[in-house]
Each structure stands twice: as structure tokens, then as C-alpha cells.
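Please model the entire structure based on the sequences and the hints provided.
In order, the protein sequence lines correspond to chains Z and F. Take numbering that gives the first Met the number 0: the last position of the first sequence gets the number 138, and nothing is skipped along the way. Take numbering that gives the first Met the number 0: the last position of the second sequence gets the number 138, and nothing is skipped along the way.
Hints in this document: simulated from the structure, not taken from any laboratory. Some hints could be false.
Note that identical chains are pooled: a pair holds if it fits in a single copy or bridges any two copies.
To be verified - Taking lysine-lysine and the DSS-like style, the derived pairs with C-alpha atoms no more than 30 angstroms apart in a straight line are:
{"#": "1", "residue 1": "Lys126", "residue 2": "Lys62"}
{"#": "2", "residue 1": "Lys8", "residue 2": "Lys126"}
{"#": "3", "residue 1": "Lys59", "residue 2": "Lys21"}
Computed from a predicted structure; not experimentally measured.
Now for the letters of each chain:
Protein chains: 2
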Amino acid sequence: MESHRPLTKQRELVYQTVLCGKDHPTAADILERLHAQGHRISYATVYNSLRYLTENGLLKELKVGESVSRYDARTEPHHHIVCRSCGRVDEVFTPIPEAFVLQVGEDTQYHIEEMDLVIHGLCSACKERNRTMKASLNS
Amino acid sequence: MESHRPLTKQRELVYQTVLCGKDHPTAADILERLHAQGHRISYATVYNSLRYLTENGLLKELKVGESVSRYDARTEPHHHIVCRSCGRVDEVFTPIPEAFVLQVGEDTQYHIEEMDLVIHGLCSACKERNRTMKASLNS
DNA sequence: ACGAGATTTAGACTAAGTCTAAATCAAACT
DNA sequence: AGTTTGATTTAGACTTAGTCTAAATCTCGT
Chain Z
0 MESHRPLTKQ
10 RELVYQTVLC
20 GKDHPTAADI
30 LERLHAQGHR
40 ISYATVYNSL
50 RYLTENGLLK
60 ELKVGESVSR
70 YDARTEPHHH
80 IVCRSCGRVD
90 EVFTPIPEAF
100 VLQVGEDTQY
110 HIEEMDLVIH
120 GLCSACKERN
130 RTMKASLNS
Chain F
0 MESHRPLTKQ
10 RELVYQTVLC
20 GKDHPTAADI
30 LERLHAQGHR
40 ISYATVYNSL
50 RYLTENGLLK
60 ELKVGESVSR
70 YDARTEPHHH
80 IVCRSCGRVD
90 EVFTPIPEAF
100 VLQVGEDTQY
110 HIEEMDLVIH
120 GLCSACKERN
130 RTMKASLNS
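Right under this line is the structure:
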């Protein structure tokens with residue numbers, strides 16, 4: 000009769016870790032942070048909890064081209080942008096134009112359900128660092 | 000003095016396999032197909048060749064949310080769409096509107112270099128299959 | 001034909017994640 | 001309050017995808 004327990008202690012811990020870490024932690028990050036805080040939680044439980052939380056819409060799994068999964072507590076539809084220099088991952092809330100989505104549906108004859116967009120580039124800090132480095136080379 | 004050899008026999012084999020297979024084969028697919036054709040080539044060489052070919056712009060590496068890399072011989076900029084029911088992967092040549100890209104650059108203050116878009120949905124065959132299945136349930 | 005450097009090979013190794021079976025827990029009965 | 005029952009957690013074995021290493025092989029220029 001599907002009587003899952005709601006948020007167990009461990010699931011709560013994993014959820015809070017993703018929520019508080021303002022980055023997009025991997026399973027290994029989460030395990031490490033919890034252990035550092037003195038919590039006793041196993042490898043498998045972190046994975047199980049992440050799956051549970053993702054399936055229940057509390058978290059979103061996120062792949063930005065590496066082989067690991069990252070997790071995001073922002074569940075509203077949005078995209079991600081990765082700095083190719085420092086690796087930071089930021090949220091992008093600029094919505095994809097509806098007209099583009101319709102056009103893709105027409106061009107492919109697919110029923111479109113989800114657009115998964117990962118943008119790559121240079122963040123403003125790394126842009127700046129590049130600029131000043133170049134300037135000092137020219138002097 | 001950087002005198003790499005051009006397309007060796009093995010690299011050529013790997014390249015042809017991606018080119019001919021109209022799907023988007025994984026390294027394991029490629030190895031299997033070459034062995035099936037009676038070629039003697041090792042595991043590592045397939046990976047080395049794929050890296051070489053990708054770095055030299057003959058192939059593009061492609062991740063569609065699974066943990067494996069797939070390879071694509073179409074190197075013009077384009078996107079991919081994955082059927083969540085049968086798993087087929089198709090090319091999408093509809094271009095992302097320039098205005099959207101500019102807007103993202105402004106919103107994020109990143110210098111944007113690449114847009115990596117993977118779309119998920121139902122292909123026309125699976126849509127159709129669903130439709131007829133539903134119809135027969137209603138009868 | 002020879003030497004130098006690049007490429008290929010087999011197999012050990014790594015990283016990320018899943019699976020399994022036993023142990024533990026927490027809510028519901030009695 | 002003690003027991004039962006099903007869900008959850010745990011440790012560790014296992015799987016999958018891919019990298020690394022050192023030895024063997026190949027190819028080109030002489």
C-alpha cells in the first residue's frame with residue numbers, strides 16, 4: 000500500500016546539504032560535507048536519497064558534460080552555464096523563446112517534453128583575469 | 000617537432016564506423032562493429048582514435064544524459080533530440096535565435112562560446128504507437 | 001636497412017554509481 | 001509496553017565507462 004516514509008533523517012541531511020551549498024554538489028561532495036560535519040551516513044544512502052529526492056521533485060539532477068551528476072535545489076525550469084576556465088556553474092533564467100520550441104517540434108515531428116540546455120563560456124571574473132594578463136604581456 | 004601521422008589505418012576504421020553507422024555509436028558499439036567485421040583493434044585504440052578524431056574536428060563527442068559518450072560525424076553546429084520511449088537520437092538543425100544568445104550573455108555577464116542543447120520528447124513513431132494503443136483500450 | 005618517434009596493444013587501474021543481503025528503524029498492532 | 005512488519009540504511013561486492021602504463025610495433029626519413 001505504498002506507505003513510504005516521508006523525509007527520513009538521512010534524506011533531510013542530503014537535501015539540506017544541496018540546499019545550503021550554493022554550488023551544485025556531486026554525490027561525493029555531499030558525502031564529504033556530511034562526514035566533515037560529523038554525520039554518519041553511508042555512500043549508498045547518499046545515492047538512494049538523491050534518487051528519492053529527485054524522483055519526488057525536491058532536487059534536479061544536472062549533467063554539465065562531465066561524467067558525474069550534480070544536484071540542484073532550484074527546481075523551476077532553468078538552464079546552466081559553465082565557465083570553461085574556473086569550472087563554476089551558474090543558473091540561467093533567460094527563457095528559451097517559445098517560437099523556437101514550436102519550430103523544433105515542427106522540424107523534427109517529435110512531441111517535445113524538455114529542453115536541456117548547458118552553455119559553455121567564460122565567466123566575468125575569468126574574462127577580467129584574461130584581460131589584465133594580456134595587458135601586462137603587452138607592457 | 001609535432002610530426003603526427005595523419006589518418007592511420009585504425010583511426011580511419013573508427014572514423015568510417017561512425018560515418019556509416021547512421022546512429023550515434025558509443026565506443027563500445029564501434030569496437031563491437033569492427034570486431035564483427037573481422038578487424039583486429041584494441042579497446043584502448045578505439046578510445047585513442049576517438050579522442051584524436053574529436054580533437055581534430057572530424058567527429059563531435061555527444062552526451063545525451065546517459066553516462067556514455069556517443070560520437071557524431073556531423074560536425075556542423077546542431078542539436079540533438081532523444082526519444083524517451085525508444086531511445087533514438089536525431090539531429091536538429093533549427094538554429095537557436097541569436098537574440099536569445101545575446102540576452103543570456105547580458106543576463107549572465109559570461110562570454111558565451113557554445114550552446115549545448117539536448118531535447119527530450121517522443122519521436123513520431125512512438126507518438127503514433129501511443130495513439131493506437133490508447134484507441135484500442137477505449138474500444 | 002636503420003634509428004627515432006609516433007602509434008597500438010593488453011591489461012591493470014580509476015571513478016561513478018548500482019546491487020545485494022543483512023542489520024536497523026519506526027509506525028502500527030495487540 | 002512489546003512485537004510485528006515493511007521500509008530504510010549499511011557495508012561491501014560488483015558493473016560500466018574510460019584512462020594509464022609500459023612493452024611491442026609500425027612508419028618515415030635517411
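Hint check results:
Taking the shortest Cα distances, Lys126 and Lys62 sit within 30 angstroms of each other both inside one copy (24 angstroms) and across copies (27 angstroms). Taking identical chains as interchangeable, the C-alpha atoms of Lys8 and Lys126 are never at most 30 angstroms apart, the minima being 43 angstroms within one chain and 42 angstroms between chains. Taking the shortest alpha-carbon separations for Lys59 and Lys21, only the intra-copy value of 14 angstroms comes in at or below 30 angstroms, while the best inter-copy value is 32 angstroms.
In this structure, only the earlier hint numbered 2 is contradicted, and the remaining ones agree with it.
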